[in-house]
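Build the full structure now, drawing on both the sequences and the hints.
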Amino acid sequence: MADTDTGTVTQAQLVGWLAAFRDAVHEHGAHLTELDSAIGDADHGSNLVRGMDAVMVAVEAPPDSVGALLKKVGMTLVTSVGGASGPLYGTFFLRAGTAAGDATELDAAALAAVLRAAVEGVVARGKADRGDKTMYDALGPALEAYDAALASGADAAGAARAAADAAARGRDATEPMQALKGRASYLGERSIGHVDPGSASATLLVEALAAALADPPADP
Amino acid sequence: MKKLINDPANVLADALRGIEAAHPELRVDHQHRVIYRAEPKQDGRVAIISGGGSGHEPLHGGFVGPGMLDAACAGEVFTSPTPDQVAEATTAVDRGAGVLHVVKNYTGDVMNFEMAGELAAADSGVRVETVVTADDVAVQDSTYTAGRRGVGLTVLLEKIVGAAAEEGQDLDAVVALAQRVNDAGRSMGIALTSCTVPAAGKPTFDLPEDEMEVGVGIHGEPGRRRVPLAPASEVAALLVEPVLADRDATGSPAIVMLNGMGGTPLIELYVLYGEVARLLADAGVPVARRLVGNYITSLDMAGASLTVLGADEDLLRLWDAPVDTSGLRWGV
Numbered sequence: 001m002a003d004t005d006t007g008t009v010t011q012a013q014l015v016g017w018l019a020a021f022r023d024a025v026h027e028h029g030a031h032l033t034e035l036d037s038a039i040g041d042a043d044h045g046s047n048l049v050r051g052m053d054a055v056m057v058a059v060e061a062p063p064d065s066v067g068a069l070l071k072k073v074g075m076t077l078v079t080s081v082g083g084a085s086g087p088l089y090g091t092f093f094l095r096a097g098t099a100a101g102d103a104t105e106l107d108a109a110a111l112a113a114v115l116r117a118a119v120e121g122v123v124a125r126g127k128a129d130r131g132d133k134t135m136y137d138a139l140g141p142a143l144e145a146y147d148a149a150l151a152s153g154a155d156a157a158g159a160a161r162a163a164a165d166a167a168a169r170g171r172d173a174t175e176p177m178q179a180l181k182g183r184a185s186y187l188g189e190r191s192i193g194h195v196d197p198g199s200a201s202a203t204l205l206v207e208a209l210a211a212a213l214a215d216p217p218a219d220p
Numbered sequence: 001m002k003k004l005i006n007d008p009a010n011v012l013a014d015a016l017r018g019i020e021a022a023h024p025e026l027r028v029d030h031q032h033r034v035i036y037r038a039e040p041k042q043d044g045r046v047a048i049i050s051g052g053g054s055g056h057e058p059l060h061g062g063f064v065g066p067g068m069l070d071a072a073c074a075g076e077v078f079t080s081p082t083p084d085q086v087a088e089a090t091t092a093v094d095r096g097a098g099v100l101h102v103v104k105n106y107t108g109d110v111m112n113f114e115m116a117g118e119l120a121a122a123d124s125g126v127r128v129e130t131v132v133t134a135d136d137v138a139v140q141d142s143t144y145t146a147g148r149r150g151v152g153l154t155v156l157l158e159k160i161v162g163a164a165a166e167e168g169q170d171l172d173a174v175v176a177l178a179q180r181v182n183d184a185g186r187s188m189g190i191a192l193t194s195c196t197v198p199a200a201g202k203p204t205f206d207l208p209e210d211e212m213e214v215g216v217g218i219h220g221e222p223g224r225r226r227v228p229l230a231p232a233s234e235v236a237a238l239l240v241e242p243v244l245a246d247r248d249a250t251g252s253p254a255i256v257m258l259n260g261m262g263g264t265p266l267i268e269l270y271v272l273y274g275e276v277a278r279l280l281a282d283a284g285v286p287v288a289r290r291l292v293g294n295y296i297t298s299l300d301m302a303g304a305s306l307t308v309l310g311a312d313e314d315l316l317r318l319w320d321a322p323v324d325t326s327g328l329r330w331g332v
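Here the protein sequences line up with chains C and V, keeping their order.
Residue 94 in my numbering sits at position 94 of the first sequence, and the numbers go up by one each step.
Residue 202 in my numbering sits at position 202 of the second sequence, and the numbers go up by one each step.
Please note that the accuracy of each hint is not assured.
EDC-like mimics (lysine to aspartate or glutamate), calculated; alpha carbons at most 20 Å apart, straight line [stated by the list, open to error]:
| # | chain 1 | residue 1 | chain 2 | residue 2 |
| --- | --- | --- | --- | --- |
| 1 | C | K72 | V | D123 |
| 2 | C | K71 | V | E118 |
| 3 | C | K71 | V | D84 |
| 4 | C | K127 | V | E118 |
| 5 | C | K72 | V | D84 |
| 6 | C | K72 | V | E118 |
| 7 | C | K71 | V | E114 |
| 8 | C | K127 | V | E114 |
| 9 | V | K202 | C | D102 |
| 10 | C | K71 | V | D123 |
| 11 | V | K202 | C | E34 |
| 12 | V | K41 | V | E167 |
Looking from chain C toward chain V, a few residues come up when the C-beta cut is under 8 Å (computed) [said to hold, decoys possible]:
| # | residue |
| --- | --- |
| 13 | G40 |
| 14 | S46 |
| 15 | G83 |
| 16 | K181 |
Between beta-carbon pairs, the in silico distance windows are [unchecked claim]:
| # | chain 1 | residue 1 | chain 2 | residue 2 | range |
| --- | --- | --- | --- | --- | --- |
| 17 | V | L229 | C | E175 | 23 to 33 Å |
| 18 | C | T104 | V | D246 | 53 to 63 Å |
| 19 | V | D183 | C | R116 | 32 to 42 Å |
| 20 | C | A113 | V | D320 | 55 to 65 Å |
| 21 | C | I192 | V | G168 | 45 to 55 Å |
| 22 | C | E120 | V | A22 | 39 to 49 Å |
| 23 | C | A124 | V | S124 | 21 to 31 Å |
| 24 | C | I192 | V | P208 | 15 to 25 Å |
| 25 | V | G125 | C | A124 | 16 to 26 Å |
Bear in mind the hints are in silico, worked out from the structure with no lab data behind them.
The beta carbon of each residue, even a glycine, is placed where N, CA and C say it ideally should be.
Now the structure itself:
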């Protein structure tokens with residue numbers, strides 16, 4: 001956890017999360033696009049790179065609350081990413097921002113509530129169920145792992161670590177699935193045998209959170 | 001990758017500058033990436049906008065003009081435009097009679113236009129209605145997919161509803177008409193090659209020299225199956241049979257479009273159309289109007305799609321009405 005004295009997650013750490021995600025989509029952008037060319041339209045990596053570059057410019061001047069910060073991230077993604085990822089990641093952060101409200105920092109339980117609102121927003125926008133081979137197949141398990149770790153006494157950093165590991169397992173589990181949502185669903189059975197690109201980028205997002213909250217801060 | 005571009009990252013912005021230079025009858029908002037008619041239609045008429053990822057030209061910007069669209073929102077290549085773009089265009093084209101969004105059924109397009117409709121309605125109170133085209137018979141329309149893709153029928157629909165809006169039909173009538181067209185049209189596509197998205201730099205999928213992909217969409221996404229390359233007469237059957245099997249087209253005059261995917265020479269398209277016309281005649285489909293050419297493309301993909309719309313006298317009248325766009329022009 002970032003702030004060992006108070007046990008809370010600060011805005012600076014949240015910006016660190018965003019920066020770590022930006023770095024991750026740069027580093028893995030070509031891989032995301034490659035996954036997307038197998039079952040989609042080969043633009044997932046480049047779209048997220050464009051979006052997160054825009055986000056980091058937008059948050060250079062620190063907003064005055066966590067809610068304002070996350071909403072700004074959401075609106076920036078909605079207006080810069082396009083595709084399905086724009087509304088989905090945009091809605092993730094817009095709902096997170098609404099849940100965070102005027103708070104200037106989040107404790108581990110508040111972060112849990114923020115993440116829950118974010119994931120529920122993704123589900124509402126994308127109308128996906130677990131097992132449809134989408135980003136929800138990484139985000140759903142991540143959220144459950146975060147809550148479970150918290151319930152067994154972990155702090156935010158530990159819970160985020162557990163969430164990242166669960167997201168990665170969820171991502172890997174999409175490989176044998178047949179896609180039922182999004183462009184990959186048009187492939188029918190031919191979508192089987194490929195990792196879902198959305199679940200891969202969502203795993204990077206949760207991994208970036210774990211890295212940003214780790215003490216000492218870890219490389220994403 | 002061999003392309004006539006400056007920088008893969010600037011393809012859309014550069015293309016919009018070219019469109020503006022080539023078409024003084026259009027106005028381009030470079031900030032929001034919207035193509036408008038330079039001369040807006042008169043007050044009290046329904047406005048129609050469409051949009052989607054770029055790389056399908058002439059769709060949609062090539063269909064902006066009298067008799068067709070009021071504006072087209074251009075996304076990045078194969079990427080939906082964003083809600084702020086669409087909301088801006090929606091507010092700008094409204095002449096007080098409401099706005100119809102023509103959206104191709106792709107997950108991203110549907111979600112971005114949905115958010116845009118919410119934004120525009122909240123900001124300006126403009127009444128927005130949406131038709132989602134879904135004509136691709138290669139996709140099973142079931143709970144196991146995102147639903148049929150919106151492909152070639154989008155061109156025919158934009159022409160027909162554009163004519164209706166131009167002659168003063170109100171929004172409810174235009175929406176009902178759009179739904180009627182959507183219900184009566186079917187499409188099917190095949191590809192001989194993949195296509196190369198500039199930002200990706202290499203073909204979206206691998207397709208051996210001696211194979212073709214059956215049931216492709218318009219974004220270089222793979223189709224449902226691969227078969228050995230075949231003569232045009234057999235390819236025509238791969239297009240015609242599933243379209244006619246899905247909807248009986250013998251009972252009404254048909255509007256038929258054989259569309260090139262961007263990398264198909266016109267001479268090949270005509271070879272294929274000869275075969276398609278023969279099969280349609282054999283099947284008893286009364287073809288009343290036809291379009292052969294590149295109208296909804298996939299960058300440099302070689303391939304073709306067939307669209308058959310079961311029309312009636314009213315739809316034929318709207319089809320024949322004057323249209324003055326860079327992509328379709330007659331009666332003017």
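Hints, verified against the model:
no.: 1; hint: C:K72 with V:D123; in the structure: holds, 18 Å
no.: 2; hint: C:K71 with V:E118; in the structure: holds, 17 Å
no.: 3; hint: C:K71 with V:D84; in the structure: holds, 15 Å
no.: 4; hint: C:K127 with V:E118; in the structure: holds, 17 Å
no.: 5; hint: C:K72 with V:D84; in the structure: holds, 14 Å
no.: 6; hint: C:K72 with V:E118; in the structure: holds, 18 Å
no.: 7; hint: C:K71 with V:E114; in the structure: holds, 19 Å
no.: 8; hint: C:K127 with V:E114; in the structure: holds, 13 Å
no.: 9; hint: V:K202 with C:D102; in the structure: violated, 46 Å
no.: 10; hint: C:K71 with V:D123; in the structure: holds, 18 Å
no.: 11; hint: V:K202 with C:E34; in the structure: holds, 10 Å
no.: 12; hint: V:K41 with V:E167; in the structure: holds, 11 Å
no.: 13; hint: G40; in the structure: holds, 6 Å
no.: 14; hint: S46; in the structure: holds, 4 Å
no.: 15; hint: G83; in the structure: holds, 4 Å
no.: 16; hint: K181; in the structure: holds, 6 Å
no.: 17; hint: V:L229 with C:E175: 23 to 33 Å; in the structure: holds, 31 Å
no.: 18; hint: C:T104 with V:D246: 53 to 63 Å; in the structure: holds, 58 Å
no.: 19; hint: V:D183 with C:R116: 32 to 42 Å; in the structure: holds, 41 Å
no.: 20; hint: C:A113 with V:D320: 55 to 65 Å; in the structure: holds, 60 Å
no.: 21; hint: C:I192 with V:G168: 45 to 55 Å; in the structure: holds, 52 Å
no.: 22; hint: C:E120 with V:A22: 39 to 49 Å; in the structure: holds, 47 Å
no.: 23; hint: C:A124 with V:S124: 21 to 31 Å; in the structure: holds, 25 Å
no.: 24; hint: C:I192 with V:P208: 15 to 25 Å; in the structure: holds, 21 Å
no.: 25; hint: V:G125 with C:A124: 16 to 26 Å; in the structure: holds, 24 Å
Of the hints listed earlier, the one the structure fails to meet is number 9.
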